[in-house]
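Generate the whole structure from the sequences, applying the supplied hints.
Residue numbers (this note's numbering), protein chains in the order written: chain A, 3 to 391; chain B, 3 to 391; chain C, 3 to 391; chain D, 3 to 391.
Just so you know, these hints were derived from the structure itself, not from any lab.
Any given hint could turn out to be false.
Remember, identical chains collapse to one label, so a pair may be satisfied in a single copy or spanning two.
[To be verified] Below 20 Å or equal to it, Euclidean Cα-Cα: the simulated EDC-like pairs (lysine to aspartate or glutamate) are:
(1) K169 / E188
(2) K279 / E48
(3) K279 / E296
(4) K279 / D9
(5) K37 / E83
(6) K37 / E311
(7) K37 / E90
(8) K37 / E188
(9) K37 / D378
(10) K37 / D9
(11) K279 / E188
Here the structure is a predicted model, which means the values were calculated and not measured.
Read off the chains here:
There are 4 protein chains.
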Amino acid sequence: MTPIRRDRRIGLWLIGASGNVAATVAIGLSALRRKLIRPVGLLTEELPVSSLPLAALSRIVVGGHEIDRRQVRQTIAELHERSGLFSERVIRATAADVRAVERNTRRGIALRENAALAVARVRRDLREFARRNRLERVAVINVASTEPPLRITPVHQSWDRLATALKANRAALPASSLYAIAAIEERMPYVNFTPSAGADVPAIRERAAALGACIMGADGKTGETLLKSVLAPMFRDRGLRVLSWAGHNILGNRDGQVLNSPAAKASKLRTKDGIVKSVLGPGTQTHTAIEFIESLDDWKTAWDHIHFEGFLGTRMAMQFIWQGCDSALAAPLVIDLARLAEYHAATGGTGVMTHLACYFKAPMDVREHQFSRQIDALRRYALDRTRAR
Amino acid sequence: MTPIRRDRRIGLWLIGASGNVAATVAIGLSALRRKLIRPVGLLTEELPVSSLPLAALSRIVVGGHEIDRRQVRQTIAELHERSGLFSERVIRATAADVRAVERNTRRGIALRENAALAVARVRRDLREFARRNRLERVAVINVASTEPPLRITPVHQSWDRLATALKANRAALPASSLYAIAAIEERMPYVNFTPSAGADVPAIRERAAALGACIMGADGKTGETLLKSVLAPMFRDRGLRVLSWAGHNILGNRDGQVLNSPAAKASKLRTKDGIVKSVLGPGTQTHTAIEFIESLDDWKTAWDHIHFEGFLGTRMAMQFIWQGCDSALAAPLVIDLARLAEYHAATGGTGVMTHLACYFKAPMDVREHQFSRQIDALRRYALDRTRAR
Amino acid sequence: MTPIRRDRRIGLWLIGASGNVAATVAIGLSALRRKLIRPVGLLTEELPVSSLPLAALSRIVVGGHEIDRRQVRQTIAELHERSGLFSERVIRATAADVRAVERNTRRGIALRENAALAVARVRRDLREFARRNRLERVAVINVASTEPPLRITPVHQSWDRLATALKANRAALPASSLYAIAAIEERMPYVNFTPSAGADVPAIRERAAALGACIMGADGKTGETLLKSVLAPMFRDRGLRVLSWAGHNILGNRDGQVLNSPAAKASKLRTKDGIVKSVLGPGTQTHTAIEFIESLDDWKTAWDHIHFEGFLGTRMAMQFIWQGCDSALAAPLVIDLARLAEYHAATGGTGVMTHLACYFKAPMDVREHQFSRQIDALRRYALDRTRAR
Amino acid sequence: MTPIRRDRRIGLWLIGASGNVAATVAIGLSALRRKLIRPVGLLTEELPVSSLPLAALSRIVVGGHEIDRRQVRQTIAELHERSGLFSERVIRATAADVRAVERNTRRGIALRENAALAVARVRRDLREFARRNRLERVAVINVASTEPPLRITPVHQSWDRLATALKANRAALPASSLYAIAAIEERMPYVNFTPSAGADVPAIRERAAALGACIMGADGKTGETLLKSVLAPMFRDRGLRVLSWAGHNILGNRDGQVLNSPAAKASKLRTKDGIVKSVLGPGTQTHTAIEFIESLDDWKTAWDHIHFEGFLGTRMAMQFIWQGCDSALAAPLVIDLARLAEYHAATGGTGVMTHLACYFKAPMDVREHQFSRQIDALRRYALDRTRAR
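Structure (structure tokens):
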């Protein structure tokens with residue numbers, strides 16, 4: 003294996019570049035580079051993952067696509083004023099870096115844009131980003147708003163058919179999948195941090211495999227679902243019989259606003275609800291709700307009520323309340339994923355990056371939902387690679 | 003290894019035989035034997051642990067020591083009336099078996115009893131229990147009220163010194179340790195389900211090692227602490243910085259009443275508080291409180307407030323509320339431990355049974371506090387033993 | 003005013019006579035009569051309301067209409083087994099009284115029954131109930147399942163038109179309104195403990211006024227909404243600005259099952275949601291959800307998240323969790339209402355019984371939603387009447 | 003009655019002038035004057051209280067005593083950085099006004115200072131404050147740290163004896179009482195916002211009555227106790243039997259630190275615990291805990307578990323979690339109290355200001371603990387006075 007240098011320049015291309023998560027990534031990377039904050043929440047800065055020759059935090063250049071006219075700095079200002087994120091000192095000290103990200107932002111795929119032309123344009127944007135910034139590699143991460151679920155039809159089943167349909171602009175593909183195709187064609191790793199379809203379409207997976215592109219998703223595991231992935235195994239491992247698990251989420255950011263539309267909500271609930279059933283089996287009644295409560299802004303608050311039966315039919319309950327700031331929880335995971343995906347591609351990895359399962363609500367090709375095992379898998383990956391060098 | 007039969011008769015000797023946990027074990031074992039309930043909460047009835055040739059549930063005879071005049075049936079009636087445990091149908095159907103347990107109950111060690119005589123008497127009780135019931139082996143489990151912490155002095159450091167002091171009735175040893183000595187001398191496995199000293203005294207450990215007796219403890223992990231042992235690792239593994247973890251427990255049973263005494267409470271708080279510090283390090287402020295709220299009876303309610311810092315210094319919180327019935331949570335663990343400890347001894351095992359760590363708040367000789375790893379260790383033990391046969 | 007005697011015999015006629023609330027009323031009244039329980043939760047047994055010459059608890063005869071084939075004793079058995087209500091001792095001691103209630107139960111109005119015939123039949127049932135049991139008066143209380151909201155059309159606006167339409171079987175009226183008409187025609191007080199239409203239709207109110215019949219409703223205020231009616235005034239009175247109030251209810255009884263239908267849920271949410279807006283004004287975002295979680299049975303669990311702004315724009319939160327048993331909360335209110343409505347009618351009262359507002363989520367003709375003021379109004383009523391005698 | 007003008011200049015003298023509450027009062031009054039914030043949380047800005055001719059917010063001059071060397075601006079900066087209070091814009095815009103408050107701050111009474119000299123010095127400070135700022139009247143409010151409970155001895159029973167003992171420096175009086183004496187001697191209203199003794203000593207009350215000075219206290223009712231004062235009456239008024247009420251408070255500010263000392267905590271718990279017993283009677287077991295959790299800073303978090311029995315012995319529970327910022331909750335109450343106390347004195351009022359009970363956990367000479375009635379009393383006072391004019 004070719005030795006790789008930590009000081010190589012890499013790119014992090016964000017679909018949804020002016021959104022809350024992207025803005026927090028932008029200001030956060032700048033603050034880390036300028037030593038204004040500690041790398042709290044980054045597994046890539048802790049052993050054993052940090053022993054991998056990942057690109058240095060200071061060598062990551064951020065750019066992305068965005069369909070909104072809003073600039074990153076506006077998102078930052080709003081998160082500060084409405085949700086209390088970031089100190090004014092950090093905002094001031096990172097302002098120039100944030101402008102640089104804004105300059106690296108390109109117009110995203112519009113709703114009725116011709117699909118083939120859109121893919122071609124996105125590919126040009128990605129290439130140009132890499133060239134202008136002299137980047138060795140670029141990781142593409144989707145942090146845009148959740149799309150409605152994609153209904154898979156025969157045209158989505160093989161790359162031949164899909165490619166033909168694309169050329170004729172007849173393929174019903176959401177924007178997330180067009181971005182995925184563009185990244186894959188450019189052999190850039192593509193990571194889907196949302197529940198949208200992205201690369202998780204049979205034809206696109208076939209294409210990624212053929213080209214040896216790295217892909218992974220779906221839906222970043224930041225809060226309530228993270229708790230489910232440690233608590234559900236605990237109930238199972240203690241032999242307690244969970245009768246019902248009712249989760250209620252309230253939040254007020256644009257993510258919440260988008261999820262107010264029934265179609266987008268359907269996508270989200272699928273990934274949120276799956277873990278409990280998958281770990282505890284069909285005997286557990288599950289319910290997951292998401293509601294838009296404007297005043298909460300970026301503070302996602304979740305109440306989960308877990309009703310379970312123990313010995314001698316005794317019925318007991320556990321409840322938890324999670325009060326997390328979505329952007330602050332998601333941003334370090336996105337940075338981790340960019341570094342790990344780029345490293346995987348840089349060292350010849352291809353296909354689905356199942357070792358990154360711990361970052362996702364619905365990890366591709368992974369049936370293990372227990373968080374502790376997913377973390378162990380990532381650690382093992384790091385230890386194996388470190389030893390191999 | 004000699005093949006052992008599942009239909010061997012074994013004994014489960016409970017210190018505190020008329021207490022809530024013991025009474026729930028007695029009625030529960032009878033109900034299981036009579037197929038009135040399902041084995042919810044018993045790991046020994048689930049793969050892979052169930053593949054071990056453990057003694058059948060129907061072959062376990064229960065007896066024990068008790069200092070209170072109260073009978074098991076009275077405790078059962080009180081748990082039913084005040085805490086809503088057990089159906090009347092189960093109480094009626096198991097009444098004869100419960101009487102049998104009462105007949106197997108002997109007077110426990112009194113407060114100022116001569117230590118050497120007490121040990122001798124307990125040994126006779128244990129031997130007689132085994133003989134009368136034609137038991138192949140007896141597991142002794144301490145489920146009595148929590149004792150104040152034992153101050154270890156030089157006399158506790160070597161068996162020679164301790165044995166001499168015992169004979170002269172000069173050894174300051176709590177009852178739990180006298181029972182432990184009696185069990186060890188009889189080569190019966192001794193398991194400490196409470197935070198009392200029990201066998202965890204250097205001199206007694208030395209004696210157990212010399213005689214090849216199996217020991218384990220301390221303090222059954224049933225509720226709030228079980229949650230700590232899955233949640234603390236989650237915060238660590240996500241790189242989130244836990245600033246403070248404040249746990250408040252309220253309960254109303256006799257356990258709670260005893261814990262109202264500052265000395266007993268000190269023992270309990272030590273085992274409850276240790277896990278968080280052990281997993282998250284000294285940077286986390288911890289606070290654990292236990293209060294006696296009479297109306298709650300056996301329903302232990304816990305509120306834990308976990309304050310943590312994420313990316314960019316964002317402060318967030320998780321809170322949980324646990325409403326568990328202590329006896330119903332503890333009883334299946336006690337049954338599991340009896341079967342597993344007896345099996346270990348039956349197959350030539352000796353010393354500290356570290357593979358049983360998942361059952362304890364403060365497992366002897368085990369520094370791993372992550373519940374998922376402790377469960378994996380037990381499963382590995384079961385798989386290794388099953389394959390070896 | 004004619005003196006009235008406490009030992010007069012009165013009737014309590016329940017629409018939904020085999021449902022959870024009705025069954026709890028039946029067993030509860032019997033247990034009170036037999037001095038097996040204390041009158042916890044009955045305002046009519048506490049000063050100053052108890053100083054009114056209400057009919058004695060032992061003189062209340064229960065009967066009702068029911069469309070289900072289920073008997074009261076089956077409901078009682080199910081509530082006992084699944085929700086832990088009632089001791090077996092009370093169930094046994096009240097069995098004969100419960101049978102008597104069953105014998106007083108008549109077939110309810112079926113879905114497509116002819117409206118005029120149904121009203122006539124119900125009137126006969128009510129008269130026969132009073133006659134056979136030698137009752138001085140009967141109070142009719144609707145505790146049946148929630149119906150979808152009624153769309154008021156011109157035919158519902160005047161009694162003339164409605165009566166004509168009824169005869170022609172052309173009046174779209176839900177069963178609750180047909181029962182209300184029957185009661186009113188019989189000059190029996192009608193109380194609506196559900197959010198269904200009942201007597202709250204302009205034409206029926208007109209008729210009640212013409213005949214001097216007493217009516218009141220709607221929707222018993224038992225749990226989450228009761229809390230709203232003390233907490234919302236507190237926030238207002240402290241000048242705190244409530245930004246959002248998100249309430250989530252989960253429950254598993256038949257009430258919950260019926261509310262799973264969107265139409266019935268709409269009725270319920272209207273009465274549940276109104277209080278907060280009414281007290282705090284339109285500036286507060288409100289959200290109320292009800293979900294059917296089967297394992298909870300009769301245990302309604304509610305989580306309310308109240309987000310508010312204080313001085314200097316500081317945003318704070320209060321959350322509450324309510325774990326109440328719906329039937330046990332509702333039954334004493336129903337008994338209170340029967341006694342108070344009968345007393346009101348017995349002493350010449352007519353029209354809307356606004357002094358009973360404290361019992362309802364959406365009290366008819368009352369705009370005061372603050373619980374403390376509603377209670378004060380009831381107390382004032384009792385004091386005025388007591389002094390007047 | 004002499005007409006009084008809203009534009010009169012009045013003084014607000016704070017004992018504990020650099021503490022969290024005082025600093026929030028200082029910045030808040032400035033921000034209100036400059037129209038940077040809305041008067042959220044001020045009853046004196048809402049009808050009917052606002053109809054009284056209270057001194058205008060812009061005419062209140064702030065000063066005070068402080069024993070710490072810390073300046074108000076440092077407290078403001080710390081509250082901003084650690085607890086997220088105030089926007090930077092407000093901090094900047096109010097900086098000059100805050101400096102003015104600092105210039106009005108005088109050295110507080112030291113631990114072993116001669117009592118008579120201390121009183122004399124404080125009186126001079128108060129007079130000089132009024133003179134220099136041309137104030138018509140000054141209200142003195144104690145917002146200093148909680149003191150240990152005062153043991154009342156014969157010397158505290160009459161003013162003659164106490165005055166003699168004071169001259170001889172033999173009277174065991176805490177600082178709060180010396181400030182109270184100074185204010186009373188100057189005929190300035192004295193309000194005790196803490197659980198310390200202040201003016202609530204028989205001899206001092208005698209002196210206040212003799213001089214016609216206005217006094218009130220004790221302990222501002224801001225959060226958990228405010229909830230108790232609406233929820234306890236609700237349980238009582240519904241006839242529900244509260245078995246236990248267990249309240250747990252965690253907080254991290256200096257108030258919390260002081261309360262970590264058992265003596266100071268004893269003062270606090272007395273006022274916090276009293277309401278529930280007073281409303282619900284001795285049958286309810288109460289428990290109140292306060293713990294210092296440093297990371298929470300000014301964010302007081304409380305969990306209350308209320309266990310109650312309803313009809314047919316059914317046991318149910320309500321729990322609430324309160325997450326409030328102590329300073330932001332207290333500051334508007336302090337401003338209200340200053341205006342209302344000054345107005346009362348200005349219009350010839352004397353003695354204990356019982357109409358201000360709604361502001362206190364343990365209101366002097368008031369046995370009514372129901373918040374809604376206390377608020378009604380204040381409103382009635384305002385309406386009576388308004389009409390009288």
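Now for the hints, and whether the structure bears them out:
1. When the C-alpha separation of K169 and E188 is checked against a cutoff of 20 Å, the pair qualifies only within one copy, where the shortest distance is 18 Å, while the shortest distance between copies is 77 Å.
2. Taking the closest pair of Cα atoms, K279 and E48 come within 20 Å of each other only across two copies (19 Å); inside a single copy the shortest separation is 32 Å, beyond that limit.
3. For a Cα distance limit of 20 Å, the shortest separation of K279 from E296 across copies, 16 Å, qualifies, whereas the shortest one inside one copy, 30 Å, does not.
4. For the homomeric pair K279 and D9, neither the shortest alpha-carbon distance inside one copy (44 Å) nor that between copies (36 Å) is at most 20 Å.
5. Taking CA atoms no more than 20 Å apart as the test, K37 paired with E83 passes between copies only; the shortest distance there is 19 Å, against 23 Å inside one copy.
6. Taking identical chains as interchangeable, the C-alpha atoms of K37 and E311 lie at most 20 Å apart only when they sit on different chains, with a minimum of 17 Å there against 50 Å within one chain.
7. Taking CA atoms no more than 20 Å apart as the test, K37 paired with E90 passes inside one copy only; the shortest distance there is 15 Å, against 23 Å between copies.
8. For a Cα distance limit of 20 Å, the shortest separation of K37 from E188 qualifies neither inside one copy, at 33 Å, nor across copies, at 56 Å.
9. For the identical chains of this complex, K37 and D378 are neighbours neither inside a copy (29 Å) nor across copies (40 Å), given an alpha-carbon limit of 20 Å.
10. For the identical chains of this complex, K37 and D9 are intra-copy neighbours only, at 17 Å inside a copy versus 52 Å across copies, given an alpha-carbon limit of 20 Å.
11. Taking CA atoms no more than 20 Å apart as the test, K279 paired with E188 passes in neither setting, with 37 Å inside one copy and 48 Å between copies.
Going through the hint list in order, the structure does not satisfy hints 4, 8, 9 and 11.
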